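Colleague: Residue-level listing of the chains:
Protein chains: 2
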Amino acid sequence: MNPLFHDHHSSEARMVLLTADEQALRLGRIRAALGDTAEAVVLRDNADIYYVCGRVFSGYVYIPADAALLPVYFVRRPNHLLGEDVEAIRKPEEIPARLEARGLPLPKSVALELGSVSYDGVERLRHVFEGAALANATPVMRKARAVKTAFEQELLRTSGAKHTRVYEIIPRLYREGMTDIELQIEIERASRLQGCLGQFRVAGDDMELFMGNVLTGDNADTPSPYDFAMGGAGLDPSIPVGANGSLIEPHKPVMVDVNGNYTGYMTDMTRCYSDGEPDARVRKANECSRAICAAIAEAGRPGTEAKALYDLAETMAREAGLKEYFMGCRSHAGFVGHGVGIEVNEAPVLAPRSRDVLEAGNVIAVEPKFVLPGYGAVGIENTYIVRADGAMERITCAPEDIVSLK
Amino acid sequence: MNPLFHDHHSSEARMVLLTADEQALRLGRIRAALGDTAEAVVLRDNADIYYVCGRVFSGYVYIPADAALLPVYFVRRPNHLLGEDVEAIRKPEEIPARLEARGLPLPKSVALELGSVSYDGVERLRHVFEGAALANATPVMRKARAVKTAFEQELLRTSGAKHTRVYEIIPRLYREGMTDIELQIEIERASRLQGCLGQFRVAGDDMELFMGNVLTGDNADTPSPYDFAMGGAGLDPSIPVGANGSLIEPHKPVMVDVNGNYTGYMTDMTRCYSDGEPDARVRKANECSRAICAAIAEAGRPGTEAKALYDLAETMAREAGLKEYFMGCRSHAGFVGHGVGIEVNEAPVLAPRSRDVLEAGNVIAVEPKFVLPGYGAVGIENTYIVRADGAMERITCAPEDIVSLK
Numbered sequence: 010m011n012p013l014f015h016d017h018h019s020s021e022a023r024m025v026l027l028t029a030d031e032q033a034l035r036l037g038r039i040r041a042a043l044g045d046t047a048e049a050v051v052l053r054d055n056a057d058i059y060y061v062c063g064r065v066f067s068g069y070v071y072i073p074a075d076a077a078l079l080p081v082y083f084v085r086r087p088n089h090l091l092g093e094d095v096e097a098i099r100k101p102e103e104i105p106a107r108l109e110a111r112g113l114p115l116p117k118s119v120a121l122e123l124g125s126v127s128y129d130g131v132e133r134l135r136h137v138f139e140g141a142a143l144a145n146a147t148p149v150m151r152k153a154r155a156v157k158t159a160f161e162q163e164l165l166r167t168s169g170a171k172h173t174r175v176y177e178i179i180p181r182l183y184r185e186g187m188t189d190i191e192l193q194i195e196i197e198r199a200s201r202l203q204g205c206l207g208q209f210r211v212a213g214d215d216m217e218l219f220m221g222n223v224l225t226g227d228n229a230d231t232p233s234p235y236d237f238a239m240g241g242a243g244l245d246p247s248i249p250v251g252a253n254g255s256l257i258e259p260h261k262p263v264m265v266d267v268n269g270n271y272t273g274y275m276t277d278m279t280r281c282y283s284d285g286e287p288d289a290r291v292r293k294a295n296e297c298s299r300a301i302c303a304a305i306a307e308a309g310r311p312g313t314e315a316k317a318l319y320d321l322a323e324t325m326a327r328e329a330g331l332k333e334y335f336m337g338c339r340s341h342a343g344f345v346g347h348g349v350g351i352e353v354n355e356a357p358v359l360a361p362r363s364r365d366v367l368e369a370g371n372v373i374a375v376e377p378k379f380v381l382p383g384y385g386a387v388g389i390e391n392t393y394i395v396r397a398d399g400a401m402e403r404i405t406c407a408p409e410d411i412v413s414l415k
Numbered sequence: 010m011n012p013l014f015h016d017h018h019s020s021e022a023r024m025v026l027l028t029a030d031e032q033a034l035r036l037g038r039i040r041a042a043l044g045d046t047a048e049a050v051v052l053r054d055n056a057d058i059y060y061v062c063g064r065v066f067s068g069y070v071y072i073p074a075d076a077a078l079l080p081v082y083f084v085r086r087p088n089h090l091l092g093e094d095v096e097a098i099r100k101p102e103e104i105p106a107r108l109e110a111r112g113l114p115l116p117k118s119v120a121l122e123l124g125s126v127s128y129d130g131v132e133r134l135r136h137v138f139e140g141a142a143l144a145n146a147t148p149v150m151r152k153a154r155a156v157k158t159a160f161e162q163e164l165l166r167t168s169g170a171k172h173t174r175v176y177e178i179i180p181r182l183y184r185e186g187m188t189d190i191e192l193q194i195e196i197e198r199a200s201r202l203q204g205c206l207g208q209f210r211v212a213g214d215d216m217e218l219f220m221g222n223v224l225t226g227d228n229a230d231t232p233s234p235y236d237f238a239m240g241g242a243g244l245d246p247s248i249p250v251g252a253n254g255s256l257i258e259p260h261k262p263v264m265v266d267v268n269g270n271y272t273g274y275m276t277d278m279t280r281c282y283s284d285g286e287p288d289a290r291v292r293k294a295n296e297c298s299r300a301i302c303a304a305i306a307e308a309g310r311p312g313t314e315a316k317a318l319y320d321l322a323e324t325m326a327r328e329a330g331l332k333e334y335f336m337g338c339r340s341h342a343g344f345v346g347h348g349v350g351i352e353v354n355e356a357p358v359l360a361p362r363s364r365d366v367l368e369a370g371n372v373i374a375v376e377p378k379f380v381l382p383g384y385g386a387v388g389i390e391n392t393y394i395v396r397a398d399g400a401m402e403r404i405t406c407a408p409e410d411i412v413s414l415k
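Top to bottom, those sequences are chains A and B.
At position 268 of the first sequence the residue is numbered 277 (my numbering), and the sequence of numbers has no breaks.
At position 400 of the second sequence the residue is numbered 409 (my numbering), and the sequence of numbers has no breaks.
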């Protein structure tokens, strides 16, 4: 075994890999968010199943709204999981008889993940729970997962620390004459050797994310189909985002936004690099980005409106004379920050019309970025934990100035 | 620009990157599969949009069933696409008025991707097309995409050739004392340097796929939640599949199943490697796998029932005394082959109860594999084009015997 990686083999067959206390905290959050909108929640999305069980399986987690009742795990694959609450099934149509055999009443209303499960998948479950009123589990789970438990925060700190180590060695990965994608490939390798799990979960029907993006020069301003802060043409029109094979030119900024998933929980961090002294305009934009991050970290606390933090960022960009380059130039991203955790786009969202209000335990990536025509993408991104004491704890701690690649 | 990568920049803003003839072929396939089940197809799944346009965007492709009418592209992002059939929108509710302004009648029935778009996403479109009868575009697109055009076949051959080059250098990436994940990381890097796009699209609510898997020793027999041929515990219970940090031991097989997406179209190939002479049992299982691939390539032609090919494979495994190890040991995969293309799990499926019948233009990954307790995973996988002349053309051409890592 490589000691860099978790040893989860001793517990391989245990259905739930969380402690009873930890799972109870999470179930409590789900039930509080559910309120009385349904008598049960049925989850099949991998991110939600992982949240409840600490592992991914193919099947369904059935959570009675009644806190006196335990969840039941209906497992299709793998076939070796053990626990008294495990029901091995081949298809969801077996669920009602199994519930009845356990003395559990069939729910009169059921919350399903309408935002992430396919129409066919939801319709099939509706027939399984024939006659039950339908509620939406997607906002329930989004709300529950937005506030991380102390244990989840520890996993995020671990991801942030490993992520930071990778960023610190980036200058050693660079060689003169490299293209954006060549540098990115070396960063991907360094991430994987540090223990990065590779996969990055992302919510939304039309979102896709590989390991992250390296942008340099004009490519940074190519609009992309994805709802990310920055674009880029990508290598191929089948995946049109990020590096496109552009040469890294001396004195031009290179933005590295390669994500960090080392624990099932991911951190977001962006830093800029330069082979040779960058132009004063580039430095100024990076300083503005740092100042915005610092101001948001100072202003954000439990109770702060997310939209106020967006307004703060936009105001600072305007005052710096950088408004037209803020969050892109040819096209502008509509947010300056977003929750991160099991997925890369969680709540809260720092955007002009966001109704989110910060809570202790939120984990937020803040990414005030600029695209300067003729130079490229500039700015930083950090991930912060919103603490009960009012502080925003930074968990992505690589140096924030433009790092020399020499 | 790195010459390894496509140059799609000259055509960056063109809405449709396919030639008119190529797009007409694909639209013809979609309309033939649709028949008279709906007056229009509305696509938003990235894989389907890429099929119709040769590029991914965020929005909707509206395809009238009437072949005299052209598709309309409703684009949310990116904001720079040009073409007379492009309608920039912010939300799908704008679609009906735009159709009317173009003199197109609102459809009385509409086919949506019920198998891949979320329940919320489908319901929203149902309201947009208020009163229209609902049909399912998922089987339509699956059927259309299962038969590749000559141009798609060329992209697959290109992916196969680059994929093969990566496999040929694998022995040079190995160092004694490596773990499975360490070797995998070097193969990932080699793939990326060869032009691999990283992302692998996969259909299904609960499927996830990073770049592929390297399996050695007992880990190969750990059941996983995913519907792949082989399992593996993975590095973390959040992504429980594949390499788990096991040391690569002398004389034990190392199965490499790292996917090849170099063009938007992907090939599947698996080969086994060994540091030192493998045991006779391991050799025998690999020879059986090769023999099954050869037999399927000989038997498969337009008109062959997919299930007959599965039966052929299973019979050969039984006759070799390897039935109990076929497609896993602790748990068995339920298929021996599957279509590949834009996604890794397309039609046809070679499985016991498959109703698929081979057609000229199908592209099929055939992967008869074994898990031998005490040794690990053994076997090969090839991708074949089913040709009109009755031949199965192999497009993954690395040597098929167990390759020495010395």
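Please note that the accuracy of each hint is not assured.
The list makes no distinction among identical chains, and a pair is therefore deemed to hold if it is satisfied within one copy or across any two copies.
Stated by the list, open to error - Here are the computed lysine-lysine pairs in the DSSO-like style, where the Cα-Cα straight-line distance is at most 30 Å:
#	residue 1	residue 2
1	K171	K117
2	K415	K117
3	K100	K332
4	K293	K261
5	K117	K293
6	K332	K117
7	K261	K100
8	K293	K100
9	K415	K316
10	K316	K100
11	K316	K152
Just so you know, the hints here were simulated from the structure itself, not pulled from any lab data.
Just so we're clear, the structure is a prediction, and the values are computed from it rather than from any experiment.
Colleague: Now look at each hint and say whether the structure bears it out.
Modeller: Going through the hints against the structure:
| no. | hint | verdict |
| --- | --- | --- |
| 1 | K171 / K117 | neither (46 Å within a copy, 55 Å between copies) |
| 2 | K415 / K117 | neither (66 Å within a copy, 64 Å between copies) |
| 3 | K100 / K332 | between (54 Å within a copy, 26 Å between copies) |
| 4 | K293 / K261 | within (14 Å within a copy, 57 Å between copies) |
| 5 | K117 / K293 | neither (59 Å within a copy, 57 Å between copies) |
| 6 | K332 / K117 | neither (52 Å within a copy, 46 Å between copies) |
| 7 | K261 / K100 | neither (56 Å within a copy, 37 Å between copies) |
| 8 | K293 / K100 | neither (58 Å within a copy, 36 Å between copies) |
| 9 | K415 / K316 | neither (40 Å within a copy, 60 Å between copies) |
| 10 | K316 / K100 | between (44 Å within a copy, 22 Å between copies) |
| 11 | K316 / K152 | within (17 Å within a copy, 46 Å between copies) |
Hint compliance for this structure: hints 1, 2, 5, 6, 7, 8, 9 are not met, and every other hint is.
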